[in-house]
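Novice: Listed below are the residues making up each chain.
Protein chains: 2
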Amino acid sequence: MTQLKNDLLLRALKKEKVERPPVWMMRQAGRYLPDYIKLREKYDFFTRVQTPELATEITLQPIDQVGVDAAIIFSDILVIPQAMGVEVLMEEGKGPSLPKTMKSQADIDALVTADAENNLQYVYDALSLTKKELNGRVPLIGFAGAPWTILCYMVEGKGSKTWDKAKQFAYTQPELAHQLLQKITDITIKYLKKQVKAGADTVQVFDSWAGSLSPADFKTYAQPYLLQIADAVKDDAPVILFPKGSWYALNDLSKSSASGIGIDWSLNPQTARELTNNSITLQGNFDPAKLLAPIPQIKHWVKEMIDGFGTQNYIANLGHGITPNVPVDHAKAFVEAVKEYRSE
Amino acid sequence: MTQLKNDLLLRALKKEKVERPPVWMMRQAGRYLPDYIKLREKYDFFTRVQTPELATEITLQPIDQVGVDAAIIFSDILVIPQAMGVEVLMEEGKGPSLPKTMKSQADIDALVTADAENNLQYVYDALSLTKKELNGRVPLIGFAGAPWTILCYMVEGKGSKTWDKAKQFAYTQPELAHQLLQKITDITIKYLKKQVKAGADTVQVFDSWAGSLSPADFKTYAQPYLLQIADAVKDDAPVILFPKGSWYALNDLSKSSASGIGIDWSLNPQTARELTNNSITLQGNFDPAKLLAPIPQIKHWVKEMIDGFGTQNYIANLGHGITPNVPVDHAKAFVEAVKEYRSE
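Keeping their order, the protein sequence lines are chains S and U. For the first sequence, position 267 matches number 271 in the numbering used here, and the numbering has no gaps at all. For the second sequence, position 17 matches number 21 in the numbering used here, and the numbering has no gaps at all.
No lab work stands behind these hints, which were simulated from the structure alone. Please read all numbers here as calculations on a predicted model, not as lab measurements. Treat the hints loosely; a few may be bogus.
Identical copies carry no separate label here, and so any pair may be met within one copy or between two of them.
Straight-line C-alpha distance at most 25 angstroms; calculated BS3-like pairs for lysine-lysine [claimed, not checked]: (1) Lys169 with Lys98; (2) Lys107 with Lys223; (3) Lys18 with Lys198; (4) Lys169 with Lys303; (5) Lys169 with Lys336; (6) Lys165 with Lys98; (7) Lys307 with Lys169; (8) Lys307 with Lys223; (9) Lys336 with Lys303; (10) Lys223 with Lys303; (11) Lys194 with Lys238; (12) Lys238 with Lys107; (13) Lys42 with Lys336; (14) Lys197 with Lys136; (15) Lys98 with Lys162; (16) Lys238 with Lys303; (17) Lys136 with Lys303; (18) Lys46 with Lys107; (19) Lys18 with Lys201; (20) Lys223 with Lys42.
Take these sequences, add in the hints, and give me the full structure.
Specialist: Here you go:
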């Protein structure tokens, strides 16, 4: 194995001392990068995801062009429903749609579960190829969607502001919901383990719609499955959990097998440290909309953010994915500001 | 003035002892009610809002049909931009759109501000007529959108998941944002005072998109204007502030001139009481998606909610507006469960 030249991310996750915080950005591969947009004009979304050479090229773009301290494989959380035999359509600029939604026991029973993770060989191939191309420059991050978030899409059939149908399904047919969540969890664990074998140095689990749940419902429908995943994968690689919107769960999750927790901007760094008893590496939490402000202002805010989190046990990142309208120079300024950080 | 036969809501807001908590539901007038849907087929949205007889009829429907302890005037938060001379279109089922968005100093300067509240006479007429028709059965609630939420629509031009453009406007042109927020605030104060004169017994300020802001940005762009409104209106009528998603602001707001704070379901009742030092009347926080569950389950959850908040200094409500797909019987069951509540 090639020795990593920049292992800041992995050291931060192990709570080892670092010279400065590592920095990467959720959704850093894609959308706002001109070279990505060129590829998008030639290949549709799932061609880009399923062709290891393309996925690798896209994954590497922000390493070279923005200077982040980690690569995250270009893929999508909805490859899991696909692997389970569910059709997923992606219309450019419109978000995903799943024509066949989960409604009944028969729908759940019809899902492919045995060896479903083997349907995602293209992800493992992309990871291996990316790992080779990175040649030890920075660590490689694998990822999956959290079971609750995947259920949201499988029941709702498309994005939603309120996830009413997904919640109605959970609240009226809780046994079915738990069956579905467990099936997703089982496949996700195998999927993440295979990602690590293929080259991922760490994995992140995105619970993008966790915040649609009340604290009690998060404990019922989200948390147990996040904990199962962290427990099962922790010996393979460090796990980062990102429960967007679920600030109320941070204390519980800080006691889990995860090595890091992603934080959105709905709480300030000091509060995040308090809620987690300063016991776990935190990642976040810059409001992506702030990347649209002038560069000196971005740099000022980054400094404030690091002042708040501290330089240790910390990974600088956004509080959610970078938006397509961010100028590349502004993304670079964000990364530079972390690298230039000096406390006073 | 007619004596109120049911003044539970007003007593709860004054922190006086009540026999049981009052109950009403955000968006209780409209959407899910068959009689409303019939009116919707005959009159377009702004005709319903701007015709006092129709607005009154719609406002009264849930009093008779669902049994809530308060009426909230049927209107829309976007009447304020309209009063300022901004066109607002409402396409049924699609949400609002504002073709001319705020971008520059010239846009802000062009807004109508002098006596703009007088352009909303139809709201005052609807309140007076409703007050008369209610004949003291229950209190009448007036309302307005919070300045930050109104700015969101005026800058973005339509609904958004992330409010990027609104935030970009605030972060890149803060002086303009504050000018706009102040103009909205000034008109909103006069508007709410006139609502009280016309018959509103209390007023609620909806900051539906407060949660898109970080704690620091909420303190910059939302909180000062909410406080101005509460300070200016408190001697006219009790003010309820509803900063959806901004749990981090609850402590500050509990020390404001407001008489009540609306809570969404992202925090449990006990946490809400702790964050507000048990010092203010709280309102909420049932997940509207739970109204889609079976009735016995709804009643069980309502009991849990009231157990959590306690029966005093509390107004039972949803954590956001009722959704169109809720069966009327389920809305009724919610209200009945509050009325039947007995602690054990």
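Novice: If the cutoff is 25 angstroms on CA atoms, where do Lys169 and Lys98 land: within, between, both or neither? Let me know, please.
Specialist: both (19 angstroms within a copy, 18 angstroms between copies)
Novice: Between the shortest in-copy and the shortest cross-copy C-alpha distance, which are at most 25 angstroms for Lys169 and Lys336: within, between, both, or neither?
Specialist: between (39 angstroms within a copy, 21 angstroms between copies)
Novice: Taking 25 angstroms as the upper bound on the Cα-Cα distance, should Lys107 and Lys223 be classified as within, between, both, or neither?
Specialist: Result: close within a single copy only, 23 angstroms intra versus 43 angstroms inter.
Novice: When Cα atoms must be at most 25 angstroms apart, do Lys165 and Lys98 count as within-copy, between-copy, both, or neither?
Specialist: both (14 angstroms within a copy, 13 angstroms between copies)
Novice: For Lys169 vs Lys303, is the C-alpha pair at or below 25 angstroms within one copy, between two copies, both, or neither?
Specialist: between (41 angstroms within a copy, 20 angstroms between copies)
Novice: Is it within, between, both or neither when you check Lys223 against Lys303 at 25 angstroms Cα-Cα?
Specialist: Answer is between; shortest inter-copy Cα gap is 21 angstroms, intra-copy 37 angstroms.
Novice: Since the copies are identical, ignore which copy is meant and state whether Lys307 and Lys169 lie within 25 angstroms (CA to CA) inside a copy, between copies, both or neither.
Specialist: Answer is between; shortest inter-copy Cα gap is 24 angstroms, intra-copy 41 angstroms.
Novice: Given identical chains, is Lys223 near Lys42, meaning Cα to Cα at most 25 angstroms, within a copy, between copies, both, or neither?
Specialist: neither (43 angstroms within a copy, 41 angstroms between copies)
Novice: For Lys238 and Lys107, with the copy left unspecified, which applies at a CA distance of at most 25 angstroms: within, between, both, or neither?
Specialist: neither (33 angstroms within a copy, 49 angstroms between copies)
Novice: Under a CA distance limit of 25 angstroms, which applies to Lys42 and Lys336: within one copy, between copies, both, or neither?
Specialist: Only inside one copy: Lys42 and Lys336 sit 20 angstroms apart there, 55 angstroms across copies, limit 25 angstroms.
Novice: Pop the pair Lys307 and Lys223 into one bin, within, between, both or neither, using alpha-carbon distances up to 25 angstroms.
Specialist: Classified as between; 19 angstroms across copies, 34 angstroms inside a copy.
Novice: With identical chains treated as interchangeable, where does the CA-CA distance between Lys18 and Lys201 reach 25 angstroms or less: within a copy, between copies, both, or neither?
Specialist: within (19 angstroms within a copy, 63 angstroms between copies)
Figure legend: structure checked against the earlier numbered hints; hints not met, in rising order: 12, 16, 17, 18, 20.
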